[in-house]
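A.B. asks: So you can see what is in the structure, the chains are spelled out below.
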Amino acid sequence: MAPDKVEEWIREVEERPSSAPLIIRFIAGRLETLTRRIEELRAENIELVNGRKVEEYERRITNLEYQLELLKRQVGSGALEPAQPAAADTTSLVLFAPSGRVLRVELAATELVPAGVAASFLGEIAPDGQPPYLLATSTQEELLFVFDTGRTVTLPVTAIPAADREKLDWQQAFLQEPRASEELAVALPISRLPLFEFCIQTSRRAFVKKIFKSSLESYLANFYLGTGVKLQLDKMCSLVFGNKTDRFVMVSQEGFLFCSDVDSLPVAIEDVLKLNPTDHIVSSFILNPKSSLLIATYNGKALHRDAGWVEQSSSFKSRGQPAISKERREAGTRVAGAAAVDENDWGLVLRSDGKLVTYTMGDLFGSGSLLAGHSPAQVLGFTTFRVPGSGS
Amino acid sequence: MSLKVGIDFGTSNSGVAASDGSRVHILPIDPKSNVPEVVKTILYITKDYKTYIGQEAVELYYRHNVNRARRFVKQWAGEVEYHGSDGLFYVTDSYVYVDELKPGRLLQYIKTALRSENYNGTHIFERYYSLSEIIAIYLGALKKRAEALLHEDITAVTLGRPIKFSPLPRQDQIAEDTLRQAAYAAGFQQVDLELEPAAAALYYEMSLDRPQNALIFDFGGGTLDITITRLGDPRQRQIYASGGIGIAGSDFDQAIIQKRLLPHFGKGKASSRDILELVNTVSDWIALPELSTPRARAKLDKAIQQGEAPVQLKALKSLIFNDLAFSFYNTVETGKITLSERGATVISLQEKDMDIWELYTRAQFESDIRQHQVQIEQVLLDTVAASGLEPAQIDAVVKTGGSSSIPLFSEMLCRTFGADKVKASDLFSSVTAGLAIKASQ
Numbered sequence: 007m008a009p010d011k012v013e014e015w016i017r018e019v020e021e022r023p024s025s026a027p028l029i030i031r032f033i034a035g036r037l038e039t040l041t042r043r044i045e046e047l048r049a050e051n052i053e054l055v056n057g058r059k060v061e062e063y064e065r066r067i068t069n070l071e072y073q074l075e076l077l078k079r080q081v082g083s084g085a086l087e088p089a090q091p092a093a094a095d096t097t098s099l100v101l102f103a104p105s106g107r108v109l110r111v112e113l114a115a116t117e118l119v120p121a122g123v124a125a126s127f128l129g130e131i132a133p134d135g136q137p138p139y140l141l142a143t144s145t146q147e148e149l150l151f152v153f154d155t156g157r158t159v160t161l162p163v164t165a166i167p168a169a170d171r172e173k174l175d176w177q178q179a180f181l182q183e184p185r186a187s188e189e190l191a192v193a194l195p196i197s198r199l200p201l202f203e204f205c206i207q208t209s210r211r212a213f214v215k216k217i218f219k220s221s222l223e224s225y226l227a228n229f230y231l232g233t234g235v236k237l238q239l240d241k242m243c244s245l246v247f248g249n250k251t252d253r254f255v256m257v258s259q260e261g262f263l264f265c266s267d268v269d270s271l272p273v274a275i276e277d278v279l280k281l282n283p284t285d286h287i288v289s290s291f292i293l294n295p296k297s298s299l300l301i302a303t304y305n306g307k308a309l310h311r312d313a314g315w316v317e318q319s320s321s322f323k324s325r326g327q328p329a330i331s332k333e334r335r336e337a338g339t340r341v342a343g344a345a346a347v348d349e350n351d352w353g354l355v356l357r358s359d360g361k362l363v364t365y366t367m368g369d370l371f372g373s374g375s376l377l378a379g380h381s382p383a384q385v386l387g388f389t390t391f392r393v394p395g396s397g398s
Numbered sequence: 026m027s028l029k030v031g032i033d034f035g036t037s038n039s040g041v042a043a044s045d046g047s048r049v050h051i052l053p054i055d056p057k058s059n060v061p062e063v064v065k066t067i068l069y070i071t072k073d074y075k076t077y078i079g080q081e082a083v084e085l086y087y088r089h090n091v092n093r094a095r096r097f098v099k100q101w102a103g104e105v106e107y108h109g110s111d112g113l114f115y116v117t118d119s120y121v122y123v124d125e126l127k128p129g130r131l132l133q134y135i136k137t138a139l140r141s142e143n144y145n146g147t148h149i150f151e152r153y154y155s156l157s158e159i160i161a162i163y164l165g166a167l168k169k170r171a172e173a174l175l176h177e178d179i180t181a182v183t184l185g186r187p188i189k190f191s192p193l194p195r196q197d198q199i200a201e202d203t204l205r206q207a208a209y210a211a212g213f214q215q216v217d218l219e220l221e222p223a224a225a226a227l228y229y230e231m232s233l234d235r236p237q238n239a240l241i242f243d244f245g246g247g248t249l250d251i252t253i254t255r256l257g258d259p260r261q262r263q264i265y266a267s268g269g270i271g272i273a274g275s276d277f278d279q280a281i282i283q284k285r286l287l288p289h290f291g292k293g294k295a296s297s298r299d300i301l302e303l304v305n306t307v308s309d310w311i312a313l314p315e316l317s318t319p320r321a322r323a324k325l326d327k328a329i330q331q332g333e334a335p336v337q338l339k340a341l342k343s344l345i346f347n348d349l350a351f352s353f354y355n356t357v358e359t360g361k362i363t364l365s366e367r368g369a370t371v372i373s374l375q376e377k378d379m380d381i382w383e384l385y386t387r388a389q390f391e392s393d394i395r396q397h398q399v400q401i402e403q404v405l406l407d408t409v410a411a412s413g414l415e416p417a418q419i420d421a422v423v424k425t426g427g428s429s430s431i432p433l434f435s436e437m438l439c440r441t442f443g444a445d446k447v448k449a450s451d452l453f454s455s456v457t458a459g460l461a462i463k464a465s466q
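Chains as they are written, first to last, in the numbering used here: chain Y, 7 to 398; chain G, 26 to 466.
It is possible that part of the hints are untrue.
As the list claims (entries may be wrong) - Cross-link-like lysine-lysine pairs, in silico, DSS-like; alpha carbons within 30 Å at most:
1. Lys-339(G) <-> Lys-250(Y)
2. Lys-11(Y) <-> Lys-292(G)
3. Lys-339(G) <-> Lys-99(G)
4. Lys-332(Y) <-> Lys-327(G)
5. Lys-11(Y) <-> Lys-339(G)
6. Lys-294(G) <-> Lys-296(Y)
7. Lys-307(Y) <-> Lys-327(G)
8. Lys-296(Y) <-> Lys-292(G)
9. Lys-250(Y) <-> Lys-324(G)
10. Lys-296(Y) <-> Lys-324(G)
11. Lys-307(Y) <-> Lys-323(Y)
12. Lys-99(G) <-> Lys-323(Y)
13. Lys-127(G) <-> Lys-250(Y)
14. Lys-323(Y) <-> Lys-75(G)
15. Lys-127(G) <-> Lys-323(Y)
16. Lys-250(Y) <-> Lys-377(G)
17. Lys-324(G) <-> Lys-72(G)
18. Lys-377(G) <-> Lys-292(G)
19. Lys-127(G) <-> Lys-280(Y)
20. Lys-72(G) <-> Lys-377(G)
21. Lys-72(G) <-> Lys-280(Y)
22. Lys-284(G) <-> Lys-11(Y)
23. Lys-99(G) <-> Lys-332(Y)
If you're looking for bench data, these hints aren't it; they were derived computationally from the structure.
Isolated chain Y, as found in the complex:
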């Protein structure tokens, strides 16, 4: 409250004494409102403090559950082997194809080089007529493989043999064999699953549903995950974990974005974005307010946008927020992948010449190019990762 304002109020009272009771009543009313608000804020603060504690305990529980899972596997495999000293965590680049073939490249933190070639294909890059899916995760993670029939398989990353990074070859790939008429659709790390309330399932044609964590066990047991896709030619393309207030984002190949609070997503499968007949979803993820968005195009552009730029979708019938201009879209520009990113993240690019190249986010933000430091090529795939141990 500026002192000169008080002086002005006093002047009013001097000129018109009848204003005095009014002014006192207004100020008293405001004080009452503010007092009530302070009380509300204090109560909210206590809840927040408690909430943080809860979150901390949840993290510890997750860690313990993970340790327990590892122990169970050791017991289940026969003899309880003496505990091995924990090896320094590394990053695993996982490439998988609908036919169930999986390649893994293991990289220590010291082997990560900005604009460096992490691995190269010897021959064919796209084994099933389409570029492989990319995933980069901690080597100590557990992977959930989901087939389009809803069948799931859980596997530690280390169960997939590390490939020769200079001669990636699908013929030598690990095979997570599909059953008849079945395709591998999704692979995702699940150690942090207990931290989230929901699992969000997305299909290529933008059909979305959220599954409560409490229901997930029965979904897994009954092969429900990934099922319920409404269109005959459609299939599940991603699973994302999130909490009620998180912002869920998905990006289509033609560059349209859908964004919604997880809480607002449907529990019964529903198409939430009107895609063009030729379009499909390429990425979906949770966008933290402190993160930003990076969109990779096939022609090698890295489009960086603040989280605030992404608009909440107004309805489930919209065409989505365009991330690339109409002119560029009509000229053939398409999205290869998109992700929520922080400055400490790394980007992984699969190029049409068979090279897997890693970039720091700083480089990508700065240059706006996914091809910097290398000869021109098409971008076939894009994902991001964080070096294990460099923060949550």
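Based on these hints, arrange chain G on the given structure of chain Y.
C.D. replies: Okay, now just chain G, sitting in the frame of chain Y:
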């Protein structure tokens, strides 16, 4: 059978009246309004080009817009040609961000646009509306409502006009022609114009039983119009002098915003030039709604993240992106009106991320509009001087228009002419009634 009516097309409010020669009937033209005889001069055009006026327009605007979703798309706006410092000639594409979910456009202070040299019209969605077309839509809606109330076709109208739309004679003529053209386009076959204070004088004259010299002080939302006239005997009716100035209620609202409310949106705390530009736009009712672009949002988000007046800039963001501009200006106007009745009020607006509470006194208000008051007093004295009469020779001072009830100006009139001579006519309807009398003559 056809009928002739009087229409007061005001800056903030309008009205329609009909006279049968002996009695004037002010029509309840806006049944949704608290005062049905007064209709807000507000036009709302929806995306499917349906039009609404008055309280219905306001309610629909709120229903459509407050806290609505937005989606901005970049649209090609044209080409910019320029000579570079390298001597070469360049042509570059220019784009604008358009909110494709915008459900409609609200137009207010339409009459003020008549005095602008630069405002010829505006794009509303895909269509261009000239100023004349905009006014025609509004007048056409008034005509339709009046015909429904009177159960008769209305073919002729006497429209009010201020003494001066503009101090520039050419612009003044353009404004009058535009208003006349709009009335024809609205479907009137005969259009007459009458000075608003002269119309108020005619209404006042009905109450007189002997001739007198009267000063009509018509002070509304957009202009102050003064007429000094001889009234009471139609054969000796004479206008001694007329004067006016383009200062009125909307300028006072602007002064309140600039001097008292901008600090709630970051003035005095925010320091970056970009942000201060946004803050200073708050008092501009035409420019503020246009600020809702992704670029402005990004600037505000960045400043908030950097801790530059975060509370105030959150409020500014809420004002711009939750379509609160109209509520905000209404709140300011209501606060100003309240100060005509009592010494203090609170200008308050509580919305998401916004908690404006400003205790505002009449003394503060009078200090904030002091400059305007000096100019107005000068116009008053100049007009009296031009009439050739001394203040003592003026028998009555008749106040009309919403701003004429502001105590500072009532006191000014009492001081100049004597309190016993100052009379309040029907603040919102005396011009309308006078125009109906003129129409019936």
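A.B. asks: Tell me if the straight-line CA distance from Lys-377(G) to Lys-292(G) falls inside 30 Å.
C.D. replies: Holds: Lys-377(G) and Lys-292(G) sit about 20 Å apart, inside 30 Å.
A.B. asks: Measure nothing beyond the straight line between the CA atoms of Lys-284(G) and Lys-11(Y); if it is 30 Å or shorter, mark the hint as holding.
C.D. replies: 12 Å, holds
A.B. asks: Assess, step by step, whether the Cα of Lys-11(Y) is no farther than 30 Å from the Cα of Lys-292(G), and give holds or violated.
C.D. replies: OK: Lys-11(Y) and Lys-292(G) at ~16 Å, within 30 Å.
A.B. asks: Does the alpha-carbon distance linking Lys-323(Y) and Lys-75(G) stay inside the 30 Å limit?
C.D. replies: With Cα atoms ~24 Å apart, Lys-323(Y) and Lys-75(G) stay inside 30 Å; holds.
A.B. asks: Decide if the proposed pair is consistent with the structure: Lys-127(G) and Lys-323(Y), CA atoms, cutoff 30 Å inclusive.
C.D. replies: Roughly 16 Å separates the two Cα atoms, so the pair holds.
A.B. asks: Below or equal to 30 Å on CA atoms is what counts here, so check Lys-11(Y) against Lys-339(G).
C.D. replies: 24 Å, holds
A.B. asks: For a C-alpha distance cap of 30 Å, please report whether Lys-127(G) and Lys-280(Y) respect it.
C.D. replies: With a Cα-Cα distance of about 19 Å, the restraint between Lys-127(G) and Lys-280(Y) holds, given a limit of 30 Å.
A.B. asks: Sort out whether Lys-324(G) lies within 30 Å of Lys-250(Y), counting only the CA atoms.
C.D. replies: Between Lys-250(Y) and Lys-324(G) the Cα gap is close to 28 Å, so the pair holds against 30 Å.
A.B. asks: Would the hint linking Lys-127(G) and Lys-250(Y) be met if the CA-CA limit is 30 Å?
C.D. replies: Answer holds: Lys-127(G) to Lys-250(Y) is near 28 Å, not above 30 Å.
A.B. asks: Take a quick look at whether Lys-72(G) and Lys-377(G) sit within 30 Å of each other, Cα to Cα.
C.D. replies: 26 Å, holds
A.B. asks: Under the criterion that the straight-line Cα-Cα distance not exceed 30 Å, is the pair Lys-339(G), Lys-99(G) satisfied?
C.D. replies: 25 Å, holds
A.B. asks: So if I understand the rule, the pair passes when the alpha-carbon distance is 30 Å or less; does Lys-296(Y) with Lys-324(G) pass?
C.D. replies: Since the Cα atoms of Lys-296(Y) and Lys-324(G) sit roughly 16 Å apart, the hinted pair holds (cutoff 30 Å).
Hint violations for this structure: none, all hints satisfied.
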